[in-house]
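Visitor: Letter by letter, the chains look like this.
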Amino acid sequence: MHEQRMRDGMDALEERVVRALERAPEVTIPAEFAARVAGRLPVRRAFAARPARYGLMAMRTSVVVLVLALVVVAMHAGGRGMFGIALEWVLCAELVALAVWMSGVREFFMHEA
Amino acid sequence: MREHQAMVFRTLLRLTGSREHLDDLAQDVFLRLYRALPSFRGEALVTTYLYRIAVNVAQDEWKRRRREAQSLVSISDETSGWEERLPHPGRNAEEQMEEREFQLAVEEQMQRLSQVERAVLVLYHQEERTYEQIALALGLPIGTVRTHLHRGRRKLREGIAARCSEGARTPVKEARCTSNG
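If you read the protein sequences in the order shown, they are chains R and Y. Under this note's numbering, the letters of the first sequence match residues 1 to 113, in that order. Under this note's numbering, the letters of the second sequence match residues 1001 to 1181, in that order.
Here chain Y stands alone, though its shape is the one from the complex (with noise of 0.2 Å):
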């Protein structure tokens, strides 16, 4: 479990948005692996039941906060804003804050995703699967997860690409949102 728990908690993470009860979700995707492992027959690694369990635990916990009719989960709250800790070792401050700014800005259109390009998106990108294993984590033909991938990412750079045009229309600012850092 121990080899497997950062793994959750980052799938959970950028999947959810939230660092909120991120520690019970993480609990209920090993309670679940637990649950499904008499019927685990050993055809995949544990990696994909995990990634499999972990998507349907993020889906429910979407789900109940839709029941709850709570707000769409702010990227810049207390809970959330991982990304506000990265380390940028060498870089000064303004750069600094703009590589925040973009990886917020990436966050927020990702939870503007539906919850399977999102999946097939950190699955792909952060988790470094391939098709044939998102495929078999997401029980979707191989085909669709490549569909889901390249109209996810177009959704983001679109989504992006709107927002730096709405907030600036200087041409220096909108070089700094498609600069490469």
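Looking at chain R on its own, in the form it has when it is part of the complex (with noise of 0.2 Å):
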């Protein structure tokens, strides 16, 4: 009897507990509140981000390099062999695919991208 008294009296007590604890606290919020933070926040500066074009750099470069392999592979063109030929090829092929590259198809692919 006396324990269950006891225990009722707890479970009210845990009760009125709950009850204080979900009261929320009235606060008053200075009206200039908002306007005092926001005066203390720090000014971010705005930075143009220029874009680096390594890619496009690069690809000129090696355009000129191509170029200048393939002058000099012309200037040796007598007496070479089928290593010569392939060379002279390969280094074609890829002065054309950069050529292909540069002159618009990769402004196409960037924007489906």
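The set of hints was computed from the structure by calculation and includes no laboratory data. Even glycine gets a Cβ: it sits at the ideal position worked out from N, Cα and C. Misleading hints may appear alongside valid ones.
[What the hints assert, rightly or not] With a straight-line Cα cutoff of 20 Å, these simulated DMTMM-like cross-link-like pairs (lysine to aspartate or glutamate) come out:
(1) Y/Lys-1063 / Y/Glu-1108
(2) Y/Lys-1155 / R/Glu-22
(3) Y/Lys-1155 / R/Asp-8
[Stated by the list, open to error] If you want the ones that stay clear, here's a sample from chain R, every Cβ over 10 Å from chain Y, calculated:
(4) His-2
(5) Pro-51
(6) Met-57
(7) Thr-61
(8) Ala-69
(9) Val-71
(10) Val-72
(11) Gly-81
(12) Gly-84
(13) Ala-97
(14) Trp-101
(15) Glu-107
[Unchecked claim] Some chain R residues near chain Y, calculated using beta-carbon distances under 10 Å:
(16) Met-10
(17) Leu-13
(18) Ala-24
(19) Thr-28
(20) Pro-30
(21) Trp-89
(22) Ala-99
Two chains, two separate frames, one set of hints: put the complex together.
Guide: Structure below.
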């Protein structure tokens, strides 16, 4: 009997404690609070990000190098073997591929992505 | 910011137990949120971020108070005592006074809990957050949140019961402690 009374008492107390916890305090927020916080925010400087275009630069350099290589190969045209011919074809193919890529196909694929 | 400021003020008030420096602390919360925004990846709600920051700011405030060797904030001082302004329409003066006293006792006992227990109780009961949200905000496993919640409530209940039995030996007063209002 006494135990039951004690348990009921503790349950009632628990319930009351929970009610007290659920009661949110009333707060008064100063009218200028938002403005004051906004005034203390650090100003972020905008910066212009310029694209580096490293890929394009590498392609242009490669074109120049390939043209020079083709000239050198052409200068040693006499008495060349299979290796010389294969090298010339490979260099030509690379040059054509780069030229096609730079001529506008690049933009097309980049926009697709 | 206006949308969340009341929540930040409420949470900080309950966590620190004082109105002292409340504006400054709330300001600190929003400034920290602003600084954290670049790393905010949208995985959690901004409110979860805000709760986490508010709990950290409250913990820093406790550390600052300890450093300054201030005495434990009395809940009945002029800067706190928010519960005294609670409206209780339709109640008589005695009931209102009892309710205020009980609220004071709860707030006083809250300040005796550990920081994490207090944070869990405030987020669960006052802010009505789920276990998952609290776990996310405090960086704790859900099981630990549950443990802190039950332990915190038990400590509160025991503290208040002890206070009641100390201060009120008569059966009538004891009944007031456990009455449902």
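Visitor: Does each hint fit the structure? Answer for all of them.
Guide: Hint by hint, here is what the structure shows:
Simply put, Y/Lys-1063 and Y/Glu-1108 have alpha-carbon atoms about 18 Å apart, close enough for the 20 Å limit, and the pair holds. In summary, the hint linking Y/Lys-1155 to R/Glu-22 is supported, as the alpha carbons are separated by about 17 Å, within the 20 Å threshold. Distance hint between Y/Lys-1155 and R/Asp-8 is fulfilled; the C-alpha atoms sit about 18 Å from each other, no more than 20 Å. Under the 10 Å C-beta cut-off, the non-interface status given to R/His-2 relative to chain Y holds; the minimum distance is some 13 Å.
No beta-carbon of chain Y comes within 10 Å of the beta-carbon of R/Pro-51; the shortest separation is about 22 Å. R/Met-57, annotated as away from the interface, keeps every beta carbon of chain Y farther than 10 Å; the closest lies near 31 Å. Every Cβ of chain Y is farther than 10 Å from the Cβ of R/Thr-61; the closest lies at roughly 36 Å, confirming the non-interface assignment. For R/Ala-69, the non-interface assignment is confirmed: its Cβ lies about 47 Å from the closest Cβ of chain Y, beyond the 10 Å cut-off.
Every CB of chain Y is more than 10 Å from the CB of R/Val-71 (nearest about 52 Å), matching its label as outside the interface. Every C-beta of chain Y lies more than 10 Å from that of R/Val-72, the closest at about 52 Å, which supports listing it as non-interface. Separation of R/Gly-81 from chain Y is adequate, the least Cβ-Cβ distance of about 60 Å exceeding the 10 Å criterion. No Cβ of chain Y comes within 10 Å of the Cβ of R/Gly-84; the nearest lies about 57 Å off, and the non-interface call holds.
At roughly 40 Å from the closest C-beta of chain Y, the C-beta of R/Ala-97 stays outside 10 Å, upholding its exclusion from the interface. At the 10 Å boundary, the C-beta of R/Trp-101 stays outside the reach of chain Y, the nearest C-beta of that chain being 35 Å off. With 10 Å as the threshold on Cβ separation, the claim that R/Glu-107 sits away from chain Y holds: the shortest Cβ distance comes to roughly 32 Å. This hint holds: R/Met-10 has a C-beta 7 Å from the nearest C-beta of chain Y, less than the 10 Å allowed.
Hint status for R/Leu-13: holds, given a least beta-carbon distance of 5 Å to chain Y, under 10 Å. A cut of 10 Å between beta carbons decides the hint on R/Ala-24: the least distance to chain Y is about 5 Å, and the hint holds. With its C-beta approaching chain Y no nearer than about 8 Å, R/Thr-28 sits inside the 10 Å limit, and its interface hint holds. Proximity of R/Pro-30 to chain Y holds as hinted, the smallest CB-CB distance being about 6 Å (cut-off 10 Å).
This hint is violated: R/Trp-89 has a C-beta 51 Å from the nearest C-beta of chain Y, more than the 10 Å allowed. With a least beta-carbon distance of about 42 Å to chain Y, the hint placing R/Ala-99 at the interface is violated under the 10 Å criterion.
Violated hints for the displayed structure, listed by number in ascending order: 21 and 22.
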